[in-house]
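These protein sequences, in sequence, are chains A and B. Residues in the first sequence are numbered consecutively from 1, following this note's numbering. Residues in the second sequence are numbered consecutively from 335, following this note's numbering.
Hints listed in this document are in silico derivations from the structure and should not be mistaken for laboratory results. None of these values were measured; they are calculated from a predicted model. Don't be surprised by glycine CBs; every beta carbon is placed ideally from N, CA and C. A hint or two may mislead.
Output of the computed footprint for chain B on chain A, the stretches with three or more beta carbons under 8 angstroms from beta carbons of chain B [said to hold, decoys possible]: (1) 124–133; (2) 292–305; (3) 309–321.
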Amino acid sequence: MLRLPPFALHQPTTVAEAIAHLAAHAPDVRVISGGTDLLPNMKLAQTRIQHLVSVKFLEELHGVTRTATHLRIGAATSLQDLADDEDVRETLPALAFAASRIGSPQIRKMGTLGGNISLDTRCRYINQTELWREALGGCLKSHGTECHVVPGGQGCVASLSADTVPPLIAYGAIAEMVSDKGIRRAPVQDLFQQDGTWHVRIAREELLLAVEIPLPEPTTRVVYRKWAVRQSIDFPLVSVAVRLDGADGVLTGGSIVVSALGPRPRVLSLNAMAGRKIDEELAQALGQLVYDRARPLPNIPYDAEYRRERMVIEVRRAVRVLAGLPERPLAQQA
Amino acid sequence: MTLSSKPENSSQGRPYTVVGARHGKPDALDAMAGLAKYTDDIALPRMLYARILRSPHAHARIVSIDTSAAEAMEGVHAVVVGEEMPARYGVIPWTPDEQALAVDKVRYVGDAVAAVAAISEDIAIAACKRIVVQYEVLEALTTPEAALANPHNKIHEANKHGNVTKQVQLAFGDVDAQLAAADLVIEGHYAYHGSTHAALEPHCSVAHVDGRGLLTVWSATQVPHYLHRELAKVLEVPTHKIRVIQPQVGGAFGGKSEPFDLEFVAAKLAMKTGRPVKCLYTREEVFLAHRGRHPFDMHYTTGFTKDGKILAVDAKSLLDGGAYSSFGLVTTYYSGQLLGSPYTFASYRFDSTRVYTNKPACGPKRGHGSVQPRFAIEVQLDKAARALKLDPIELRRRNFIGENTTTINEFHIGSNGFLECLALVEKASDWKARYGKLGRGRGLGVAGSTYISGTNYCIYPTDLPQSGVQICLDRSGRVRVFAGTSDIGQGSSTMLAVVAAEELGVHLDDVRVIAADSDLCPVDLGSYSSRVTLMAGNACLSAARDLASKVRQAVAKKWGCQKRDVILADRRAQRLDDPDVFIDITDAFILAEVEFGTLGSTGSYQTPRDDVHGEYRGGTIGASPAYSFTAHIAEVSVDEETGDVRVENIWCAHDCGRALSPVLVEGQIEGSVYMGFGETVMEHHHVMASGLRTDGARRDTGPGKDGLLAHSSLLDYRMPTTLDTPNLYAGIVEKPDPRGPFGAKEAGEGPLHSVVPAICNAIFDAIGVRIDSLPVAPEKILAGLRAQRSGGQSC
Chain A
1 MLRLPPFALH QPTTVAEAIA HLAAHAPDVR VISGGTDLLP NMKLAQTRIQ
51 HLVSVKFLEE LHGVTRTATH LRIGAATSLQ DLADDEDVRE TLPALAFAAS
101 RIGSPQIRKM GTLGGNISLD TRCRYINQTE LWREALGGCL KSHGTECHVV
151 PGGQGCVASL SADTVPPLIA YGAIAEMVSD KGIRRAPVQD LFQQDGTWHV
201 RIAREELLLA VEIPLPEPTT RVVYRKWAVR QSIDFPLVSV AVRLDGADGV
251 LTGGSIVVSA LGPRPRVLSL NAMAGRKIDE ELAQALGQLV YDRARPLPNI
301 PYDAEYRRER MVIEVRRAVR VLAGLPERPL AQQA
Chain B
335 MTLSSKPENS SQGRPYTVVG ARHGKPDALD AMAGLAKYTD DIALPRMLYA
385 RILRSPHAHA RIVSIDTSAA EAMEGVHAVV VGEEMPARYG VIPWTPDEQA
435 LAVDKVRYVG DAVAAVAAIS EDIAIAACKR IVVQYEVLEA LTTPEAALAN
485 PHNKIHEANK HGNVTKQVQL AFGDVDAQLA AADLVIEGHY AYHGSTHAAL
535 EPHCSVAHVD GRGLLTVWSA TQVPHYLHRE LAKVLEVPTH KIRVIQPQVG
585 GAFGGKSEPF DLEFVAAKLA MKTGRPVKCL YTREEVFLAH RGRHPFDMHY
635 TTGFTKDGKI LAVDAKSLLD GGAYSSFGLV TTYYSGQLLG SPYTFASYRF
685 DSTRVYTNKP ACGPKRGHGS VQPRFAIEVQ LDKAARALKL DPIELRRRNF
735 IGENTTTINE FHIGSNGFLE CLALVEKASD WKARYGKLGR GRGLGVAGST
785 YISGTNYCIY PTDLPQSGVQ ICLDRSGRVR VFAGTSDIGQ GSSTMLAVVA
835 AEELGVHLDD VRVIAADSDL CPVDLGSYSS RVTLMAGNAC LSAARDLASK
885 VRQAVAKKWG CQKRDVILAD RRAQRLDDPD VFIDITDAFI LAEVEFGTLG
935 STGSYQTPRD DVHGEYRGGT IGASPAYSFT AHIAEVSVDE ETGDVRVENI
985 WCAHDCGRAL SPVLVEGQIE GSVYMGFGET VMEHHHVMAS GLRTDGARRD
1035 TGPGKDGLLA HSSLLDYRMP TTLDTPNLYA GIVEKPDPRG PFGAKEAGEG
1085 PLHSVVPAIC NAIFDAIGVR IDSLPVAPEK ILAGLRAQRS GGQSC
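Produce the entire structure from the sequences given, and follow the hints as far as they go.
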């Protein structure tokens, strides 16, 4: 069988203890929560790490709290709890939906929000066994010097595949990290960089505590759409969140967040389109916008050209849902 | 859901008591509760763990192997390389092109090169990394076209014809004349992709040499007997010094039907170290071992009369074999030989060529060699029905071959419930009211098929029986059945228990089946080609009848009546004409033991030798004592914006002769339909290969390296989840065949075949787009719709 390499597991009961472990072992350390991404990556020797710091016993990292203005979700809240939480379902339905579409029931039970945000990038040339990567001759993220996705490419373009990230960005979520240097807050949108080998701007010494999401105005609505070959288990092959602000069917602002591209999601502001009606025409226009501005790469499985086409369709469908139109074009409603 | 079941009964002049009852598998609870012992559950004292070093090159010559650093590691007990086991073997004795570990060259990424036994798996893994292999890399041939175009770059130097492993050309009747006379000729090109078995349990083997020098090999195999023979050959140990045991197996589907490197490796390392050795595959190794569905490239020309009668079938197929022969000789024959029913062909010709490529070897997957041509012919029939404006079910009825007849390639067909299968799915799907009337985006499709109930001949030439069963009774009232059969989850042990219980008048729970242990059981050839129910079932029936006769005779003597007046049923021996006169079955066994001494019997089964097949070269391959028949109707909905195809319902009716265990038959139907559905819509054993065809074959490889699997985990080898799977309706049709036990024929593979074309025919009914290149994929649907809009396709 695939063997899990040996490592030291630290199980602190306080945040102070946890950040002390992180500081002591950085950079050869990772935070482990459900382990549903980290442990398979360690088995594949894709991640080689000696120290793991568990957040299982850190109470302040668990659960959802609602204030008058915000929802605060602890980083160690399980994806299933997130999907089932009544406050999340009521105020941030696209986030609850995204969480409900991750992995399988078993993975959602183990996996957590913090783990999903920190999910390692994925690529058909890296999420493989050692034999496979040796046969390939390695890549920028493995032990080689060549990118097989973008021939001649200098930077790793492995794909961000976290389902929760597009809706978190669309809702304007803020991440809260702590380290021995204190607390740091940053918009989730700014957490990602264009480097597939280490795409999350959370330092090895830092512990992600929670995300805080402002309670949306009634005029703000977000839809998350994911396409994968199967209805369960799969990582997204297309991943879009569409946020439309507006009342009475007229757009006042919003954004489209496209993921499953490279290491960083593409965020397209719709503020310049304020004043347009939320209708089929807007669906077509926003479809064209993402077609022009975002391009899936042949990094994750499936035909990249089809994924590009599908991304456009999913954006159109998101807009139709928000416009109160049937998901499929009217011509198909026979 | 079950469509119908209506057995008619008679045995010992009484109704059946066990046959046809809705029982489960007596051993199912252990598997469900996690108590069943699989090969990997075996842990022997002082056991070592083996790992196999595999080639990172698709095609290379081995210049040198230096194992010294690995051998020097603490915890390493032995290293083995190919030169220590150079004998060539192959499950088909005519094509021995494999070696336990590569000797001179490697032929695919993953070919086994060396192996280590160590005190832990971790040490074995680390030691493999210290083995230094020098390779001289050769040009890899990863498509059949490339393999044919480069006959001098031989993947196997000893092969006679470049990289062609087998070509079969057979013709029956005057195809050219019939095509010239046809009112309608349909020509189609079809691409069938590779898929693999993906059994839950990875291959695993444990070996041990005891103090007497007896080598015992436990293995997750479906052919313990063939494994036994090949172990003897490769290890140069006589068969009587080897014991092969097959523990509980977690699925096989054809993927464990020949010897694999790990069995030889575990055995050789056990012999070298004097300690037990276990070797367990990773999931990646299972994908590399493969032996799955061959990719086929097929060109079919079919001629019809204006009434829809098939005048001619002309088929040309190119089979992508991968690096070794496996069962490929048979696959190549099957690709043409199994197409001769359930329809009458006035003339038939096929030309099939299998080539070596530098990829994991293809072999037998459920429906071996006949699922691909079945796809082509059933889509051809659908195209003809459209062109002739005939209901596709009616077109199939018009070509029905009948029963007790002979196919154009001279196979004898016994019972044939194909028309009943068609009628059942037609009614269940409400076809007449719904076909062609569901509106755009939703459609129904039909297809039919046939399959063998075992191959008439053993894969090695012999006059020995194909199956042997021994039964013992004693004063406990318990029945013990000893059989070499291989229960891989399909329930062959339950089948034997049903047959024995029916004849001996006991309950299913009273029968202990001891199977697949070469020291304890008579030989059976194994679980392949859907042979076990018919062959081992007949052997068991023969042994059970022999014993039942003795028991009835002893009871009759006691009662002063004739033997025929005594029946055994429901744990009793009773008077046929007076149910109030009976004794407990245990007392009946005691009477028999007193009368005859210790009670035992054997039964064996040999296939019929007369009137089964033609006398031409190759005429024996595809011959079977009896044939099953199947019909499928699929219902799909298609999203024309995304290209998504949702299979909503699949109705399957299968003629298994007699359902000895209807619940198990339904399980086989549902499992087969699921498997066929999965490979139609998503599963793809995809090896990266540049220069892919331009006929719609999926272009998702991207740059990379030829010969690498596009998936080496169950995440990337996508099989349908529960949420993806349509409603399945399993219907049993019973047309007892005189050659089957109680009339039984096969049920394990037939119900897979026609689901594939039924889905594609339903897609055409929904949107008028033909998917002739599998698997179905949204981008192909969209491409078809674009072609349609620009006036492309018509039928």
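Evaluated hints:
no.: 1; hint: 124–133; result: holds (count 7)
no.: 2; hint: 292–305; result: holds (count 6)
no.: 3; hint: 309–321; result: holds (count 3)
Checked against the numbered hints above, the structure breaks none of them.
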